[in-house]
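Visitor: Sequence:
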Amino acid sequence: MPELPEVETTLRGIRPYLEGRTLQAIDVRDRRLRWPVPETIQQAVGARITSLQRRAKYMILETDAGGDLLIHLGMSGSLRVITDRSGPRKHDHFDLVTDSAIVRYNDPRRFGALLWVNPPRGEHELLAHLGPEPLGDEFSGDLLFDRSRGRRVAVKNFIMDGRVVVGVGNIYATEALFMTGIHPNRAAGRVSRARYGALAEAIRDVLARSIRQGGTTLRDYVNSDGAPGYFALDLLAYGRDGKPCFQCGAGMRHKVIGQRSSFYCPRCQR
DNA sequence: ACAGTAACCTGTTTGC
DNA sequence: TGCAAACAGGTTACTG
-17 MPELPEVETT LRGIRPYLEG RTLQAIDVRD RRLRWPVPET IQQAVGARIT
33 SLQRRAKYMI LETDAGGDLL IHLGMSGSLR VITDRSGPRK HDHFDLVTDS
83 AIVRYNDPRR FGALLWVNPP RGEHELLAHL GPEPLGDEFS GDLLFDRSRG
133 RRVAVKNFIM DGRVVVGVGN IYATEALFMT GIHPNRAAGR VSRARYGALA
183 EAIRDVLARS IRQGGTTLRD YVNSDGAPGY FALDLLAYGR DGKPCFQCGA
233 GMRHKVIGQR SSFYCPRCQR
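Numbering (this note's numbering), first residue to last: -17 to 252.
Keep in mind that the hints were calculated from the coordinates and are not lab data. A portion of the hints provided could be inaccurate.
Computed list of lysine to any residue pairs in SDA-like fashion (alpha-carbon distance at most 20 Å, straight line) [stated by the list, open to error]:
(1) 72 <-> 95
(2) 72 <-> 11
(3) 225 <-> 215
(4) 225 <-> 214
(5) 237 <-> 250
(6) 225 <-> 248
(7) 72 <-> 91
(8) 237 <-> 248
(9) 237 <-> 221
(10) 72 <-> 9
(11) 225 <-> 237
(12) 72 <-> 58
(13) 237 <-> 134
(14) 72 <-> 14
(15) 237 <-> 222
(16) 237 <-> 135
(17) 72 <-> 18
(18) 72 <-> 201
(19) 225 <-> 249
(20) 72 <-> 202
(21) 237 <-> 249
(22) 225 <-> 236
(23) 72 <-> 209
(24) 237 <-> 218
(25) 72 <-> 93
(26) 72 <-> 57
(27) 237 <-> 161
(28) 72 <-> 62
(29) 72 <-> 208
(30) 237 <-> 168
(31) 225 <-> 161
(32) 237 <-> 167
(33) 237 <-> 163
As the structure is a prediction and not an experimental result, all values here were calculated from the model.
Using the sequences and the hints given, assemble the complete structure.
Guide: As structure tokens, then:
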């Protein structure tokens, strides 16, 4: 479900309720997530959460207890701030409890994660091999160009590879390729430097705009207030199979590339 | 190193 | 209407 804008929106929503606060409890109702939730997370209880960060689609809750909590939302995870003492519902797998609120994790498909990470964080196996942040300074069209030489993988899969650049999921990869007129199935090594420059800009642009709209809700994504994101209204390509291209009017196509649904204009995207 | 595929899981939508 | 298949925003692990 959540790509970078949805994770960022969630992080911003929970930050006021967690940053600077002491964790009173972590109540785990079901440890069967992507990896079993380890007992070591209890080291965070009684600790102060000093700051909340995001790396790729991981949320990092830094504590003063010599480690950090790592949360990933997987495909169907969401975090909501509970202030009214309402009881847990189906798929509410764990709560982070402070004196002011409960941050409650819901995840029907259980592809998400809650882990305890000891510093140095950069050496943790999950974070060690991640590419640059798309909204950061290291990311550029030149980087994409350089890393793609000789690669035959579809350019869409290439930009979704977290070792190349993080945070670009199926929706935003689809959108950025449409925005730049690049066919999603084109070999990554056969895209010019100039077009990678435009693609990098499109990736930044679409992610930044989506964050401003609170992310994209296709079916069940909600932010920490339980509200949907509104970027779905701005989608130019994703889910528009058979509908006219906004650019040229031709019928948009659907094709599965690398096991993921892709949408593109057969005339505009080459 | 690279490319392609299967797997993890549940809920909803689609097609016969 | 009912039932089974297909599909869904992510990531890792395995194969050749």
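Visitor: The structure should be examined with respect to each hint, and the outcome stated for every one.
Guide: Hint check results:
no.: 1; hint: 72 <-> 95; in the structure: holds (17 Å)
no.: 2; hint: 72 <-> 11; in the structure: holds (10 Å)
no.: 3; hint: 225 <-> 215; in the structure: holds (15 Å)
no.: 4; hint: 225 <-> 214; in the structure: holds (15 Å)
no.: 5; hint: 237 <-> 250; in the structure: holds (16 Å)
no.: 6; hint: 225 <-> 248; in the structure: holds (12 Å)
no.: 7; hint: 72 <-> 91; in the structure: holds (12 Å)
no.: 8; hint: 237 <-> 248; in the structure: holds (11 Å)
no.: 9; hint: 237 <-> 221; in the structure: holds (11 Å)
no.: 10; hint: 72 <-> 9; in the structure: holds (15 Å)
no.: 11; hint: 225 <-> 237; in the structure: holds (14 Å)
no.: 12; hint: 72 <-> 58; in the structure: holds (13 Å)
no.: 13; hint: 237 <-> 134; in the structure: holds (18 Å)
no.: 14; hint: 72 <-> 14; in the structure: holds (14 Å)
no.: 15; hint: 237 <-> 222; in the structure: holds (12 Å)
no.: 16; hint: 237 <-> 135; in the structure: holds (15 Å)
no.: 17; hint: 72 <-> 18; in the structure: holds (18 Å)
no.: 18; hint: 72 <-> 201; in the structure: holds (17 Å)
no.: 19; hint: 225 <-> 249; in the structure: holds (13 Å)
no.: 20; hint: 72 <-> 202; in the structure: holds (14 Å)
no.: 21; hint: 237 <-> 249; in the structure: holds (15 Å)
no.: 22; hint: 225 <-> 236; in the structure: holds (10 Å)
no.: 23; hint: 72 <-> 209; in the structure: holds (18 Å)
no.: 24; hint: 237 <-> 218; in the structure: holds (16 Å)
no.: 25; hint: 72 <-> 93; in the structure: holds (16 Å)
no.: 26; hint: 72 <-> 57; in the structure: holds (17 Å)
no.: 27; hint: 237 <-> 161; in the structure: holds (18 Å)
no.: 28; hint: 72 <-> 62; in the structure: holds (14 Å)
no.: 29; hint: 72 <-> 208; in the structure: holds (15 Å)
no.: 30; hint: 237 <-> 168; in the structure: holds (13 Å)
no.: 31; hint: 225 <-> 161; in the structure: holds (16 Å)
no.: 32; hint: 237 <-> 167; in the structure: holds (9 Å)
no.: 33; hint: 237 <-> 163; in the structure: holds (16 Å)
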